[in-house]
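Engineer: Each chain is listed here by its residues.
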Amino acid sequence: MKILVVDDEKDIQPLFQQRFRKEIKNGEIDFVFAYSGIEALSCLKDCKHEAVLILSDINMPGMSGLELLSEIKQKNHVPPPVVMMITAYGDDENYKRAMELGADDFLAKPIDFISLKDKIKTFV
Amino acid sequence: MMRYILLLVFIVSNVQLMGQKGNTNLIRQIDSLKQELVKPQPDSIKAEIHSRITINYMHINPDSSKYYGENAIKFFEKTKNFRQQVFITGHMMETNIKLGNLPMALELGLSILPLIEGRGVYKSGVSPIYDNLGLIYHYLGDNEKSIQYYRMMLIRGDVDIRGVAFGYFGMAVVYESINKLDSALICLDKSHDAFYEGNHSTNYEDINWDKPYQYKVYPAWYNLRAKVYLKQNKPELALADLRETLNTTLNSKEVFHTSNTYNDISALYKTLNKSDSSIYYAEKGIEEANKISYISGILDGSKILAEYYESIDPQKALKYFKLTSETEKKLYGAGNMQVMKDMIAQSDKKQVEIEAAKDKYQNRLRMNAIMGIAFTLLVIAIFLFINSRRKQKAKLKIEKAYDLLKSTQSQLIQSEKMASLGELTAGIAHEIQNPLNFVNNFSEVSVDLVEEMREEMATGNTDEVDVLSNDLKQNLEKISHHGKRASSIVIGMLEHSRASDGKRELTDINTLADEYLRLAYHGLRAKDKSFNADFKTAFDDELPKISVVPQDIGRVLLNLINNAFYACTERSRTSTEQSRTSTERSRSADENDYKPLVSVITLKEEDKIIIKVRDNGNGIPESIKDKIFQPFFTTKPTGQGTGLGLSLSYDIIKAHGGSLELNTEKNVGTEFIITFPYQEITKE
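For the record, the sequence lines run as chains P and A.
Following my numbering, the numbering of the first sequence begins with 1 at its first residue and continues without gaps.
Following my numbering, the numbering of the second sequence begins with 1001 at its first residue and continues without gaps.
Derived from the structure by calculation, the hints contain no laboratory data.
Keep in mind that the hints are not guaranteed to be accurate.
[As the list claims (entries may be wrong)] Simulated pairs of lysine to aspartate or glutamate, EDC-like, Cα-Cα distance not exceeding 20 Å:
{"hint": "1", "chain 1": "P", "residue 1": "Lys22", "chain 2": "A", "residue 2": "Glu1444"}
{"hint": "2", "chain 1": "P", "residue 1": "Lys75", "chain 2": "P", "residue 2": "Asp46"}
{"hint": "3", "chain 1": "P", "residue 1": "Lys22", "chain 2": "A", "residue 2": "Glu1451"}
{"hint": "4", "chain 1": "P", "residue 1": "Lys25", "chain 2": "A", "residue 2": "Asp1471"}
{"hint": "5", "chain 1": "A", "residue 1": "Lys1484", "chain 2": "P", "residue 2": "Asp91"}
{"hint": "6", "chain 1": "P", "residue 1": "Lys25", "chain 2": "A", "residue 2": "Glu1671"}
{"hint": "7", "chain 1": "A", "residue 1": "Lys1608", "chain 2": "A", "residue 2": "Glu1671"}
{"hint": "8", "chain 1": "A", "residue 1": "Lys1595", "chain 2": "P", "residue 2": "Glu71"}
{"hint": "9", "chain 1": "P", "residue 1": "Lys2", "chain 2": "P", "residue 2": "Glu28"}
{"hint": "10", "chain 1": "A", "residue 1": "Lys1612", "chain 2": "A", "residue 2": "Asp1528"}
{"hint": "11", "chain 1": "P", "residue 1": "Lys117", "chain 2": "A", "residue 2": "Asp1063"}
{"hint": "12", "chain 1": "A", "residue 1": "Lys1330", "chain 2": "A", "residue 2": "Glu1605"}
{"hint": "13", "chain 1": "A", "residue 1": "Lys1529", "chain 2": "P", "residue 2": "Asp105"}
{"hint": "14", "chain 1": "A", "residue 1": "Lys1349", "chain 2": "A", "residue 2": "Asp1359"}
{"hint": "15", "chain 1": "P", "residue 1": "Lys117", "chain 2": "A", "residue 2": "Glu1444"}
{"hint": "16", "chain 1": "A", "residue 1": "Lys1319", "chain 2": "A", "residue 2": "Asp1359"}
{"hint": "17", "chain 1": "P", "residue 1": "Lys10", "chain 2": "A", "residue 2": "Glu1452"}
{"hint": "18", "chain 1": "A", "residue 1": "Lys1473", "chain 2": "A", "residue 2": "Glu1456"}
{"hint": "19", "chain 1": "P", "residue 1": "Lys25", "chain 2": "A", "residue 2": "Glu1452"}
{"hint": "20", "chain 1": "A", "residue 1": "Lys1527", "chain 2": "P", "residue 2": "Asp91"}
{"hint": "21", "chain 1": "P", "residue 1": "Lys25", "chain 2": "A", "residue 2": "Asp1552"}
{"hint": "22", "chain 1": "A", "residue 1": "Lys1529", "chain 2": "P", "residue 2": "Glu67"}
{"hint": "23", "chain 1": "P", "residue 1": "Lys25", "chain 2": "A", "residue 2": "Glu1456"}
{"hint": "24", "chain 1": "A", "residue 1": "Lys1625", "chain 2": "A", "residue 2": "Glu1661"}
{"hint": "25", "chain 1": "A", "residue 1": "Lys1529", "chain 2": "P", "residue 2": "Glu23"}
{"hint": "26", "chain 1": "A", "residue 1": "Lys1595", "chain 2": "A", "residue 2": "Asp1528"}
Chain P with its partners taken away, still in its complex shape (with noise of 0.2 Å):
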């Protein structure tokens, strides 16, 4: 399985690996990460279907994640992965955007991985 992470803040990658540390040498999961909503949708462009699932970051300079949300849910990705925004900012009106949008779910910072990794295996 294929997750593209997409978040501005760079160290969340070595935090990723670190957390699915065992699932990654399983041959599991599979992470690809993006600094930014641009760098997301190329990504996405250059291994199409690959992605199943998509974790965003949302406040982010340039196209946030809920620019790269609706441009994900309402193009060309057929069958549209799984979207899960993730933010500092817990509060419903970002919440309510999202899930207009279509995200699949919504996860507050500082990230509950324990959650996450259930989230991820119900979802696959």
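Starting from the known structure of chain P, arrange chain A on it as the hints suggest.
Structural biologist: Same frame as chain P, now just chain A:
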């Protein structure tokens, strides 16, 4: 002696007819004038009529003349015809003198004198008054005062040449009487010259003197010179002069001259011991004088005759003694003398009083002037005092207002600070949550790694232990890094809200700018969900640390960056609105592709440190470009901006010795440029 005639023909023609016939004629004229008075007449005409009646009555009824004269004076006074008032007074004086009524003449003179002197500038026309007064005092034997009055005529003579002539003549009379013959002759010469000049003066307009004289010089002038010659023992010259007078006056209308001359000739013959001639001329003198009741003429003649007849004809002598004493009594009667002395004493007293009053008046004037000045000074002083009080009050008011303004300003600055802090809080939350995410997760995952490492150590898999320990080390570094990041944000927040202590510190502008750029971005994101913009930094890595007050400069950067983001969102908002309302479906490519971007650039030029904050918004319109640094100027909707941001920023940069400028272009964007002089800003 002298004549002052206005109605020359009218009067003089009647003087000659002083008999019964003359009187009836005069009375007829007076009656017709009285008829005129019965009719309603204006005061000026009434004055004129009274004046004429006065003159007509002069010789036939002195009391009536006095009555009408007084009325004439009143009317002239009423109509403010001072010239005529003086004229009729002079006339009445002379009449009274000739009639022997010296007290009345003196009274008239003394009554008009203060009026004349009160006028001060009144010059012409008053000479006859002085002339008559001089004569009266001469009769009274006060020659000093007499000369004084005659001199007055000389002073006023600049406009009254005949007055000068009579003035000198009067003085000559006095000098002759006290045997100052040389002085008398000098005065006579001057008098002669003045008469001559007066006769040839073409613009001679004085109504108060008889004009034109039918003789070159006043006839009595020769009589007087004859007297002097006689005293100088020159009887031939004296006689020649007297004959000259007689020739000019014998058939003239002025009878008294003739009378005088006869008497003078009589006196001359007396000194020459020619009794018959003397008696003859004395009798002729009295005869002429009688025609006009000329007292002086009668007196002079009767004196001579009384003396002559004393030894020859006692009866005649007695007659003339009686005549002499009667006329003398008329002139110098004991009663008269007493009256006049009283009058003069009173006048002198009055004069003294007038002088005293004048002094008093002067003093009062001086006093008033002093009081006036004092009052003015007082007013000025009060004015100045009030003014200074008002100023003082105004100053206090201004100071109060200034203090209020100051405190309001500091409150505003504080509220501006808190407002920007409020904008920051959301950003701060995000900026803290993110590092906390790493701190929490890296530490949690590290616990797992340690657990794993133990397992590997137990199995003796040293390679795996090595990898794990490296990861652990890396994680701990990450934890430390993100912990510091969070703490610096908290410190920055505290610093921002804290009142600036104004202490300069060597500050890394790149770090500061980056920090505030992120804070601003996330703050705006937190506030406005639809907001998004890209930001970019172009930092000069070689940029030296500069000595600034970090909180202050941070505030400036935050403000400029916030404004930049605001400008971008404004443009993107307006452009999407435009495209939505556009009837054409085809969106303008330019607007569709609009990507909001804020850049912060630092660079070092030769002697400058430059910080630029750039946006690609709509640009600032030329019309408000000059205003944006003014306090309270804002383009934001009410309640959204304090209008102090740029104004405070400007002041802060100025206080650091730098400058804050801007470049702006419509639909391209705006660039704020902070420039610090390198030398100053790098000093510690």
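Engineer: With reference to the structure, classify each hint as holding or not holding.
Structural biologist: Okay, the hints, checked on the actual structure:
1. P:Lys22 with A:Glu1444: holds (15 Å)
2. P:Lys75 with P:Asp46: holds (15 Å)
3. P:Lys22 with A:Glu1451: Judged against 20 Å, a Cα distance of about 13 Å means the pair holds.
4. P:Lys25 with A:Asp1471: OK: Lys25 of chain P and Asp1471 of chain A at ~15 Å, within 20 Å.
5. A:Lys1484 with P:Asp91: violated (26 Å)
6. P:Lys25 with A:Glu1671: The given pair, whose Cα atoms are some 51 Å apart, is violated under the 20 Å limit.
7. A:Lys1608 with A:Glu1671: holds (17 Å)
8. A:Lys1595 with P:Glu71: Holds: Lys1595 of chain A and Glu71 of chain P sit about 16 Å apart, inside 20 Å.
9. P:Lys2 with P:Glu28: holds (9 Å)
10. A:Lys1612 with A:Asp1528: Measuring from Cα to Cα gives roughly 25 Å; hence the hint is violated.
11. P:Lys117 with A:Asp1063: Violated, at about 156 Å.
12. A:Lys1330 with A:Glu1605: Measuring from Cα to Cα gives roughly 130 Å; hence the hint is violated.
13. A:Lys1529 with P:Asp105: Given that 20 Å is the threshold and the Cα spacing comes to 19 Å, the pair holds.
14. A:Lys1349 with A:Asp1359: Holds, at roughly 15 Å.
15. P:Lys117 with A:Glu1444: Status holds; Cα separation ~15 Å.
16. A:Lys1319 with A:Asp1359: Violated, because 55 Å separates the two Cα atoms, which is more than 20 Å.
17. P:Lys10 with A:Glu1452: violated (25 Å)
18. A:Lys1473 with A:Glu1456: holds (17 Å)
19. P:Lys25 with A:Glu1452: holds (13 Å)
20. A:Lys1527 with P:Asp91: Holds, at roughly 12 Å.
21. P:Lys25 with A:Asp1552: violated (51 Å)
22. A:Lys1529 with P:Glu67: Within the cut-off at roughly 11 Å; holds.
23. P:Lys25 with A:Glu1456: holds (15 Å)
24. A:Lys1625 with A:Glu1661: Holds, at about 11 Å.
25. A:Lys1529 with P:Glu23: violated (35 Å)
26. A:Lys1595 with A:Asp1528: With a Cα-Cα distance of about 17 Å, the restraint between Lys1595 of chain A and Asp1528 of chain A holds, given a limit of 20 Å.
Consistency note: the structure conflicts with the earlier hints numbered 5, 6, 10, 11, 12, 16, 17, 21, 25.
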